[in-house]
Each structure stands twice: as C-alpha cells, then as structure tokens.
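Colleague: Given next are the chains, with one letter for each unit.
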Amino acid sequence: MISALWVMIGISLVLGAVLGYSAIRFKVEGNPLVEKIDAVLPQTQCGQCGYPGCKPYAEAIAKGEADINLCPPGGEEGIHKLAELLGVEFKPFGEGKGPRAKAVAFIDENTCIGCTLCLQACPVDAIVGAAKQMHTIVASECTGCELCVEPCPVDCISMQAIPEDISTWKWPYPVFAIAPVRNNPQKAEAS
Amino acid sequence: MRTLYRFHGGIHPEEHKLESSEAPARRAPLPKKLILPLHQHIGNGAKVAVQVGDKVLKGQMLASAQGMISAAIHAPTSGSVTAIAQHPVPHPSGLDGLCIHLESDGEDRWIERAALDFRAMPKPELLDRLRDAGIVGLGGATFPTHVKYGLPSGQRIDTLVINGAECEPWITTDDRLMREHADGIVRGIEVLRHLSGAGEVLVGIEDNKPQAITAMRAACAGSDIEVVAVPTLYPSGGEKQLIRILTGKEVPSGGRPTNIGVACNNVATAYAIHRFVDHGEPMISRLVTVTGNVRTPMNVEVLIGTPLTEVVECAEALPGTTGYILGGPMMGLEVDDLHLPAVKSTNCIIAKSAQLFPPPPPAMPCIRCTRCAQVCPADLQPQELHWFSKAKNFGKTQEYHLFDCIECGACAYVCPSHIPLVQYFRFAKSEIWQREHEQQAAEIARERHEFRMFRQEREKQEKAERLAQKEKAAQAAKPAVATPLPVAAAANADPDDTLQMRVDADIARANMQLRIDAAAARAKEQAAAAQPKNIDALTPQQQAEIAEIEARRAKLREIASDAGADDEPPKQI
Ligand code: SF4
Ligand code: SF4
Ligand code: SF4
Ligand code: SF4
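Top to bottom, those sequences are chains A and B. Take the first sequence: its position 44, counting from 1, is numbered 43 in numbering that gives the first Met the number 0, and each next residue is one higher. Take the second sequence: its position 189, counting from 1, is numbered 188 in numbering that gives the first Met the number 0, and each next residue is one higher.
Okay, chain A solo, but in the shape it has when bound (with noise of 0.2 Å):
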C-alpha cells in the first residue's frame, strides 16, 4: 500500500518535471488564437467590424472582447468557423448587418482628380496613381472593402457587384421535388 503511493508520488513529480521543464523550454511567442482567428476572418480589411482591420479584430476576440458576429464579409459561413473555433454557439448577424454582394470598386476615370485621397485610404493598395494623375483599381487586387468610396472629394468611385460568369459559377447543391405518394388507383378500387 505504502510502496503503492511513493510509485504514483514518484510518477507525479517526475511528469511535474517533465511538464513544468517544457512549458519553459517550448514556451510559445506570440498568441497563437489571434493566429488562428485571423487565418480564418476574410482579411477584407474593411473595418465593418468596428475595429482597424482584420488582425485587430481577432485579437479582440481573443481577448473576449468582440463577439463573433461582427464580420460581413466573411458571411453566416466565417462566423461558423470562428465559432467552431473557439467552441461556441453560432451567432447570427444583428439586424441588417448581413454581408452584401461581392462587389470591387470601380473608379470613373473622367472623373477622378488625382487627389490621391483613395490611394491612401485601401489597406490592399489595389489603387495605382499619382498626384493629379488619373487614378485607376487593379481589380483582381481589390477585396470590396468599400474604403475608398468615402474619401473621394469627386464621388467617382462607384462600387460594382461582380456578376456571376462561367469561371465563378458553382454547382448548386442538389435540390428536389418531393413527389406526393399517390394512392394506386388499382389498389384503392381493391379494397
């Protein structure tokens, strides 16, 4: 009985050791849930949110601050993940807080100054221009985070939803009709 403690004592201090040594010796840098969590937010950039990014985002969730459901862009879909995540319930959007379509910028080019007031606000630089020259978006680069909208003095950017062609179009999911069982008539006369 006696030996019997000092064994599980032993075995209990020995996995201290070997527990306590590698929390030193492995020790993580950084905070590997903001990792995560922003591997999983659209990176959009957008600041629909509420805060400065995406990365400020999910270091406010990991710091329990923000709720997962903040997040537009990455749609009903991203909060699942988040959610899963974390290991929380599904939460859906607030009232009319829903993701919009797809969409990128478009700037009109007779229009545009060349203030360059949008060049600095797209957190992507998916604007190319210069001083008083025309500006134009790289429309492959730009994630729609609709940024650059606001800052023009001129109203010339406009945002355009991206329609649905052949190189985007999905297989829809499987839908259909549920045949009402009908009464065989033969049967029905039978009986």
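Hints in this document: simulated from the structure, not taken from any laboratory. Hints are all accurate, no fakes.
Here are the computed lysine-lysine pairs in the DSS-like style, where the Cα-Cα straight-line distance is at most 27 Å: (1) Lys-169(A) to Lys-389(B); (2) Lys-389(B) to Lys-90(A); (3) Lys-391(B) to Lys-169(A); (4) Lys-35(A) to Lys-391(B); (5) Lys-391(B) to Lys-96(A); (6) Lys-428(B) to Lys-80(A); (7) Lys-90(A) to Lys-391(B); (8) Lys-90(A) to Lys-35(A).
These figures come from a predicted structure and were not determined experimentally.
Position chain B with the ligands against the provided structure of chain A, taking the given hints into account.
Modeller: Frame of chain A; chain B with the ligands shown alone:
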C-alpha cells in the same frame, strides 16, 4: 497474348451503339453562321486575334493561346467576323461565354497549308505548333495536348496508351473514326510516340467494336504498335482505368499518368494531330454522333462552331423529343434547348424521349447497401461521400478522396434509392474549389495589407531621415552664403518646427533657398542615377566616378547620423 488487368467495379449499361455505328460518317452542310467560344479547353481562354469585320480564311487563327495551359481557336470556314460577343455555350451553368461570331461566305477557302516534317523539328517547337493548331484532347476533357508532353525534365514516358475504348453508351464517333481513318490515326500515333519517346505503344479498344479492332490491326501491321481488345465494361475508357487494364499500373491518388511513366491520348486526338502534321489543318472539325430519338442516327463531321440545331437536322429529330443530352447518358450534360454551338468537346447529341429516357424515379434516402462502393471504378466509398457532401462536411469528403472521383456515374446507375450521387460530388468539388480560391485571395490580401503597413512605416522613417539629412546639407552649405544660422545647430529629428519658431524671416528665406538648391541638385543627381540601366557595361572611368560619389554620399550619411545621434554642430565637407 498480353495479360490484361481489372479495375475495381464497373457496370454494364445498355450499349445502344448499333443504332449509329453502322452508317458511314457524313459531312454536315456548311453552316451560314458559326459561333466559336473562346473557352473550349481546360485552362485559360484563348485571346482574340481578329477584329470585327475582318475577312478570314478557313484555318486562319482567330484567337491565340494565352498562358501556360491554353490552345488556339481557328476559323472553321472562310468568311467574316461579325461580332465578338456573349453567346450561350455548352456548359452546365447555362451561362453565356465570350464567342467569336463568324459568317461564312460559302467559298470555304483555305489558308496556305503545308505538311510538317515533325522528326526534323526540335521538340519544344513542335509542341508550340500543336498549341497554335489548337490541338486538345478529344476524349472528353479537352486538355491541351502540348501541355501533356511538355514534361518537366527528369520525367520519362515508357508507355503510350491510345484510348479507343469508347465505353459510354450511345457514342460511336471513335468507332467510326477507327473504321474509316485507321491509317491517319496511326500517323498521329507516330507523332505522339515521337513526342513522348515511349518505347511501347498500346491501343486499347473495347471488344464490342470488332470492325474497329480489325481496321486498326491492319493499319498497324508491320509496326510495333499493339492493338489490344479489352473487355467491354463501363468505364474502361476512363484514362486511369484503361491504363490499369493495359499495364496493371495504378495512377496514384491526385497524380497524373505521367507520374508513372504513362501518357494517354484519345484516337480522335491522334487523328487531329495527323490532319495537322500531314495536311496543315488545325483543329476545326470533329465527328459527332447524333442519335436517340432521331430518324436516322449517324455520325456527322461537324465544323466547330456549327449551331447544334443544324447538326441535329442532319438526322432529323422525331416528334416526342423532350430534350437533349450533350455527351453520353452517363456523364453528359442535359440541355433543353440547342441554340448552342458545337465545340471541341462535343462528341454526341442524344435526343431524349420519354420511352428512351424515362424520368428518374424520385430519390429516396440512402440505405447504405454499398452497391455504389462495389461498382466504383476509383475504389471510393460513394455512400460516405454522399453523406458528407449532403451535410456540407467538405473536409471529410476530401479525406474520403472526393477528388479521385471521375464522375463516371456508375454509383448513381446502380443506386437502388436513385440518389443523383454525381450531382452531390460535383457540388462538393466546386464548393471546395471556391473555398480554396477565397482562402488564397484572403492570403494575398493579408500579405498586401501587411506589406502596406510595413511600407508606411518605412516611408515614415525615410522621411525623417531625409529631413535630418537635408538639414545637414543646409548646415554644411551655410558658410558659403555666410548667413549665420544660430538655431540650426540644434538640428534634431524635427527641424522644421524649431526653425519656424525661432529664426527671423531673413534667415528662413535664405535657408529655404538653400534647400531648394539642394533639392534641385539632388533631383539632378537622381535623374542621372535613374537613367542608366546598363550598369553592367561601365568604363573604368565611370566606375571611378561612381565610387567617388558613393564615398561622398557615405560621408554625408555619416555626418547626418552623427549629428542626429549626438546633436553635434555640423562639420564642413
Ligand atoms: S469586418 Fe472587415 S476588417 Fe473586420 S474582420 Fe471582417 S473583413 Fe476584417
Ligand atoms: S480599391 Fe477600394 S474597395 Fe477595393 S480594396 Fe481598395 S479601398 Fe477597398
Ligand atoms: S447504392 Fe445508393 S442506397 Fe446504396 S449505399 Fe450507395 S448511395 Fe446508399
Ligand atoms: S461517379 Fe465517382 S464515386 Fe461514383 S462510381 Fe464513378 S468514380 Fe466512383
């Protein structure tokens, strides 16, 4: 006799080949108007090389290959380009694609054609010629042929498999082609053999096509090409399945046949290569089987771009036609309306009627009978794939090797619950692709955003540095104008403010002048530095000059940093 191997599963659907296989192939009448989609192959769409109003000759290139995986598009007849506009194309989405609209002039006048001496040509050039001739795989996937043989160095091909199995019910184009043009096919096989460097060439043909086998054997007599009759079993014409039957080798999951030293091409592709190499004709036509609910089922040689309505007219659709299938009943695409052009992948049009293709009974829940797993030629577990696709659990579908599914439809064919399994698999595949795409886009956005923040930080630093340096330069030049600048001695990271506040107007103006001069000098220097891109061919004299300037700059920088760090009064240069 060669030992044949078996692939897992397989089914025996009703063949329906005899309807169309016995009549010789006919040529469809020349259409008035042709529609040529730019995207007829896997990879990037072709790039338009003509303008509206251009007169073009038969065989002239209308659109060139764009990017690594792409192929050119040619005018199937002579005429003029009337529009480059959207038009419905044969695609499951039913959406429009960009097409070149061509109006034929009825003369069918060829461009100059010349045969190629392919053996005398370096391989990369021959591959480029195939790309510019628009040669793509006609077995169904329309994968550009030149890409298949542009192997990374170190990969070798030992066996060339030529696919004449044609396992889909109803379709008989390859059968007819082999019966009528066996010699041409063999010529094309020689080109493919030359490209691949393969020692062994095997032609696999299902044993329900005895005439085709005879014709091909006769054409191959005297060469070491081996024509092998393989048992009729759907889908033996699948690339991986045919390779398995003929060589016993298994293409690894997610791999390509070239990974195991095998290349596979369709007989129709070989014939198209022959037309190009020996006659200089690019890929502008193909055989199409018109069958099903029609008066005279047959094979028709159709120019690419011919409206499908005109193709069906050759065989006369009978009343009671409820719709059409493009391709075979197992893997084809159902369409209601034929206002679509024939494209390079169009191999068959089946007119549907209620007797031939009764509507499928309603789908019922899966009873987990595993019949689907027994017939799956890719050895998958379709019932699990179905379960996880239905639940949108895409991670699990990938664990169950969803991407090894060849969408052959064998599982759905045997399913007693009539579940349209393939539709679920396609749905899951396209969802996964889209997600991967979005993930990549997010990754790029993240990188760009991080780079922007880094750039802003760097710019801020550079600006501060520049200001400090400018200040130093002004200090250094000061004695020349002999204007005392008492405050500037206390140069720090933010000299503007101090100057503005403490120095009287005269000094400020003088200082400003100095700065403008310095800026002009710097601009000149920059312009001089920006001009020559050819710094690799310098004379010793120039090099000495550069070294001198560099030394001067280094000194300046040193002074600036010294002053910035210690707040020392500036030294003279
Ligand atoms: S709302 Fe915008 S900034 Fe906030 S996490 Fe979503 S994409 Fe990023
Ligand atoms: S271009 Fe405008 S909408 Fe697009 S990413 Fe930049 S700021 Fe956002
Ligand atoms: S054959 Fe149909 S019912 Fe049977 S296990 Fe497969 S999916 Fe389920
Ligand atoms: S469609 Fe896919 S899962 Fe079904 S039998 Fe064919 S390869 Fe297997």
